[in-house]
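Chains as they are written, first to last, in the UniProt record's numbering: chain A, 1 to 348; chain B, 1 to 348.
Honestly, the hints are just simulated from the structure, not real lab data. Hints should not be assumed to be uniformly reliable.
As the list claims (entries may be wrong) - One side of the interface only, derived from the structure: several residues of chain A facing chain B at Cβ under 8 Å: (1) R92; (2) S108; (3) G171; (4) W294.
No residue lacks a Cβ here, since even glycine has one placed at the ideal position from N, Cα and C.
Number of protein chains: 2
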Amino acid sequence: MSAKAEPSASGGPASGKITIADIATEAGVSVPTVSKVMNGRTDVAAHTRERVEAIIRRHGYQRRGDDRSRRSTLVELMFHELESAWALEIIRGAEQVAREHGLAVVMSESQGRLTPGHGWLESVIARRPLGVIAVFSDLSATQLAKLRARDIPVVVVDPVGEPGPETPSIGATNWNGGLTATRHLLELGHRRIGMIGGPERVLCSRARVDGYRAAMETAGLTVDPDLVRYGDFHVEAGFKQAAVLLARPDRPTAIFAGSDLQALGVYEAARAAGLRVPQDLSVVGFDDLPLAEWVGPPLTTVRQPLQDMAAAGTRLAITLARGEKPEHRRIELATTLVVRHSTAPPAP
Amino acid sequence: MSAKAEPSASGGPASGKITIADIATEAGVSVPTVSKVMNGRTDVAAHTRERVEAIIRRHGYQRRGDDRSRRSTLVELMFHELESAWALEIIRGAEQVAREHGLAVVMSESQGRLTPGHGWLESVIARRPLGVIAVFSDLSATQLAKLRARDIPVVVVDPVGEPGPETPSIGATNWNGGLTATRHLLELGHRRIGMIGGPERVLCSRARVDGYRAAMETAGLTVDPDLVRYGDFHVEAGFKQAAVLLARPDRPTAIFAGSDLQALGVYEAARAAGLRVPQDLSVVGFDDLPLAEWVGPPLTTVRQPLQDMAAAGTRLAITLARGEKPEHRRIELATTLVVRHSTAPPAP
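Model the full structure from these sequences, guided by the hints.
Take a look at the structure:
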């Protein structure tokens, strides 16, 4: 949508010259009802709201006085959970770009749900941010439509699923990261390599596991399904799944832990089993959180440029809010292997 | 200040019935000028602004339509830097209380400066948050006065200095924490105990160092000034200062690191010097960040209830914004020693 829609020569749907009264007539409701819908009020019947929003979307209505200079100075950063140093990297990237643009970051959390609940949308609409950055979360089609109807662009950073074609997103090359991590272990001479993924239904995690499989299979190895396990990216899951792997008589000599926090759990499981890292067990993480450098031993991991991803997502939201056309609507930033001291050749 | 100021019987200064016109007359300026000052506009001469603000403060002017229900839904969280897992604990505590009250947290960062610059205040005033929570930062007297003139309460969490008597604050029992950490090392049999404080001028750090001194001296030991060093609470400073301590021929057998991140730096310096933790060197941190549990070896540390401190600060700001009188305006929450595996008796 352009910032100032001109009457289109074709008389097409995006003329931008429709008034609130026109919308009210077309929807068969009163002008105040249309206003209520546009202001995100909740005292409108759901079916009325849907009808009005559909008409607004179809006509690309431009609010009067809605020049961009009067817009919000807030960028909304929506997390599914504020649980780890991972979230802080995202916040830092978003905050830096927001500050450069004279904006501030407002945060909301969906309390562990991957799709935020109903109250969330109402509060966002009341705040009228310039744009919404959904981190590791999916918005429902209805939520996306309601934000679009209010000219609030949504960008997904590190998508959980496959965002619809209309939703811009910034991710990382997860599949390549999984491939590189596993190839590093193969090159050191490991053959029995365990994999601990994140949640099975989360695409970024699946991509890492698929990269692991691809590395194993292109090396002529068969993936032992018993060595592939799933956690939730947190320390405890890494501990639990590694404990299962390390209790096997044919335990793996290396584990690709799927996230740095899970790698710390693997460290703990190794300590509990009396195994030394890396002499008895090599461990590779994923993320390269600041702590990866400071744990004992410093962790070999796949660097995911979280700050850059959040910064790119924030820039994209600002571009879209200005009504400008971004150069790219889907970006995957490169991951890189950072070799530290948690990987070594297997014991002879 | 009460939420609804009644005309005071004594005719005293807090009548709350003064109009903008009265303020304009008293200040000798026009009504639009008073409005500009009240709306945080910058196109008013500094001395005019000061005069108007002084009158507003003196009379406790209550804006028309300024019933609390119309107030902002934002709580402003101001950091001096968004640099570590420490910041995330604060964010989580604030976000949880904000969410419980139907509010959202907006963040700003003073980019490492302990007192935010000029642009910060203007942007806060434009956002009109319900309240400001300054984390590990000092606001200047002018900044405090300007926020007060706009009925935006300020609460300081983990104060750097000694906030003035008008500024409510939430801290932790830093002195007790330093005492307890050092006593733990003394009880294990250590006598040469190194101390790495945070920045020397920061009061919470001084309190920890003073607690260390008190423990040493009440145990009948003299503090060797060469064993007391200062960093900036980050990993690199811990590494650098510990390297100096461990290079001494009479190196300490234990180090109280002043923060968890500095403790990680001490770990790294010990590794570099070929010393094992805890067999050759005991280490105690301060904060109990989530990572303290997962580093190798798990870190003995003084738990500072960061989430609780931020939550208490946010609650206090909400109470003040409602015009209610809080039970306490200054709180120090207790620290507790968490013994893990980084401390042991000194080698015989």
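Exercise for the section: Double-check R92(A) for me: the hint is only fine if its C-beta lies closer than 8 Å to a C-beta in chain B. Expected result: It holds, given that the least Cβ distance between R92(A) and chain B is near 5 Å, below 8 Å.
Exercise for the section: Using Cβ atoms only, decide whether S108(A) comes closer than 8 Å to chain B, and label the hint accordingly. Expected result: Check passed: Cβ of S108(A) comes within 6 Å of chain B, closer than 8 Å.
Handout entry: Restraint outcome when W294(A) is required to lie within 8 Å of chain B by C-beta distance
Key = Cβ of W294(A) sits 4 Å from chain B, so the hint holds.
Handout entry: Cut-off 8 Å, beta-carbon criterion: hint that G171(A) touches chain B
Key = Where the cut-off is 8 Å and the nearest Cβ of chain B is about 22 Å from G171(A), the hint is violated.
The earlier numbered hint that this structure contradicts is number 3, and it is the only one.
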